[in-house]
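Chemist: Chains as they are written, first to last, in the working numbering: chain X, 1 to 166; chain H, 1 to 265.
Hints were generated in silico from the structure; no laboratory data involved.
Computed from a predicted model, the values in this text were never measured in an experiment.
Take the hints with a grain of salt, since some may be wrong.
Each pair of labels, with its calculated beta carbon distance range [as the list claims (entries may be wrong)]: (1) X:123 - H:194: 16 to 26 Å; (2) X:124 - H:261: 13 to 23 Å; (3) X:124 - H:63: 34 to 44 Å; (4) X:38 - H:241: 52 to 62 Å; (5) H:14 - X:16: 16 to 26 Å; (6) X:16 - H:45: 39 to 49 Å; (7) X:138 - H:168: 44 to 54 Å; (8) X:32 - H:241: 37 to 47 Å; (9) H:194 - X:69: 40 to 50 Å.
Cβ coordinates follow ideal geometry from the N, Cα and C atoms, glycine included.
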Amino acid sequence: MSDVSLTVNGKRVSGSTEDRTLLVHFLREHLGLTGTHVGCDTSQCGACVVHVDGRAVKSCTMLAVQASGSTIVTIEGLADGAELHPVQAAFKEHHGLQCGFCTPGMIMAATDMIARHPQGLDEATVRAELDGNICRCTGYHNIVKAILAASKTMSKGAKGKAKQAA
Amino acid sequence: MYSVNYHRASSVADAARLLKNGDAKLLSGGMTLIPAMKTRLAAPSDLVDVSRLKDLQGIKVSGKTVTIGAATTHYDVSTDEKLKKACPALAHMASLIGDPAVRYKGTIGGSIANNDPAADYPAALLALGATIVTNKREIAADKFFKGLFDTALKDSEIVTAVSFTAPAKAAYQKFRNPASRYAIVGVFVTKGKDGVRAAVTGAGEDGVFRSKEIEAALAKNFDVAALGGLKVPAKGLMSDIHASADYRANLIAVMAKRAVAAANA
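For reference, chain X alone in the conformation it holds in the complex (with noise of 0.2 Å):
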C-alpha cells in the first residue's frame, strides 16, 4: 500500500491504495469520476486518456502512484461551470459521438492536439494524431469534423482556455 497526493481537477486529493491499483480504476472507484473508462484494458483505444502535468497519457497504463505529486485533468475537468469547454461544444454541436463510450478520451486526447498545434490543425493531421484513440462505433467523421472546429474557435481568441486545458 502507497498513499498517493493528487491534484485532480484542481482539488487536492489523497488516499492510500494498493501499489498495483492503476490510475485509471484509483480515478473511478477512489475518486468516483467515472468520466474517464477503461475500453481496451491494452493501451489502445484510448478510452481512459487524461491529462497528467499536461500531457495526455493512458490512464489504464499508469499506477495510481506512478501519478502521485502529479496534476491531473479529466473530463470532469474541462468545463466551466455550466459552460462547456470548446472542445466539448464542438463534440456536441457536430454530433462527435454515436454510443458515447469512447468521447472522453476523444476529448481529452483533443484538447492535447490542440494545445500542440496553436498555428491550427487540417483533416490529415487530425486523422493521424487519433491513431490512438478508437471509436467503434467508427463515428470518426464527425470527430474530426469537431475537433477541426474546436481548433478554429480556440485559435481565434481563447488560447488561454486551450493552454489551461492541456
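Based on the hints, put chain H in the right spot on chain X.
Modeler: Below, chain H alone, put in the same frame as chain X:
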C-alpha cells in the same frame, strides 16, 4: 496484475540499490512493462521508478555529438529542435512509435533495455553506431543488442544515456502493423564517416540485425539505384500471422529503398 512494491528512486545510485530488492525491475515510461504485468507476462516483486530522475532526461547536441538521457520520452525526442537539425531521422523515427499518448510516456532507455524484436530504437542505435552509457560502463550498440528481449546489461545495471555522432545522411522507414504500430519491418540506414550502416528491426528471429546485403550494395553508391537487384535472404527471418519470412525479406528491400530515397531527399 500481481501485487508489487513501488519505489521512486531519488538518484541512479539509489535505483541501483533498490534494484537489489527481490525480483525488482526498473520502471520508466511503463508502456511495455505495465501491459506485460497486467497480462501477467511479467511479475516483478518490486518496481523502481526512474522516470522522474533529472539526470536521465534531456537531449544535448554539441557539434555532431548527440547525447540523449535514458528517461527522455519519445515525444521529447520527436520534437527537440536541436535534434531535428542534427539528426532529423531519429526525431522522425520517434514520431512513428505507438501513438501520441504512448509517446508522452515511453522512453528511449526503456525501449532499448527491453529490446523488443519489433521496437524501433534498437534499429536506430545500431545503424547510428551509438554508444549505450550505463551506470557502470559504455557499451557499443553492436555489442549491446544480444537477441530477443536480451541485451548486454547485467543485473542492477542501468542505462543512463545513449550517444552517437550525427551521420551525414540517415533515414528510417517502417512498415507498421496497423493494430500494434510495431514494425513488421523497419530499416534504418546511415551514411557517416565510417561508411554505410543499415539495421533491420521487426524481422529477425534473433531481433535487430545489420543487413550485410544492404550495406554492401550501398557502400560504393549510396543511392536507390544501387539497391535495384537487392536480394535479402529469408533465412533467419520471422514468420508469424502477420507476415511470412519471404514477405519480410521483400519488405526489407522495399523499406531499404524508401529509406535511402528519404536520406538523399
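Chemist: Decide, hint by hint, whether the structure agrees.
Modeler: Hints and how they fare:
1. X:123 - H:194: 16 to 26 Å: Between residue 123 (chain X) and residue 194 (chain H), where Cβ atoms are some 43 Å apart, the hint is violated.
2. X:124 - H:261: 13 to 23 Å: Holds: the Cβ-Cβ distance is about 21 Å, inside 13 to 23 Å.
3. X:124 - H:63: 34 to 44 Å: Given about 36 Å between the Cβ atoms, the range holds.
4. X:38 - H:241: 52 to 62 Å: At roughly 27 Å between Cβ atoms, residue 241 (chain H) and residue 38 (chain X) fall outside 52 to 62 Å, so the hint is violated.
5. H:14 - X:16: 16 to 26 Å: 24 Å, holds
6. X:16 - H:45: 39 to 49 Å: Between residue 16 (chain X) and residue 45 (chain H), where Cβ atoms are some 20 Å apart, the hint is violated.
7. X:138 - H:168: 44 to 54 Å: 45 Å, holds
8. X:32 - H:241: 37 to 47 Å: Since residue 32 (chain X) and residue 241 (chain H) have Cβ atoms about 42 Å apart, the given range 37 to 47 Å holds.
9. H:194 - X:69: 40 to 50 Å: 45 Å, holds
The structure shown violates the earlier hints numbered 1, 4 and 6.
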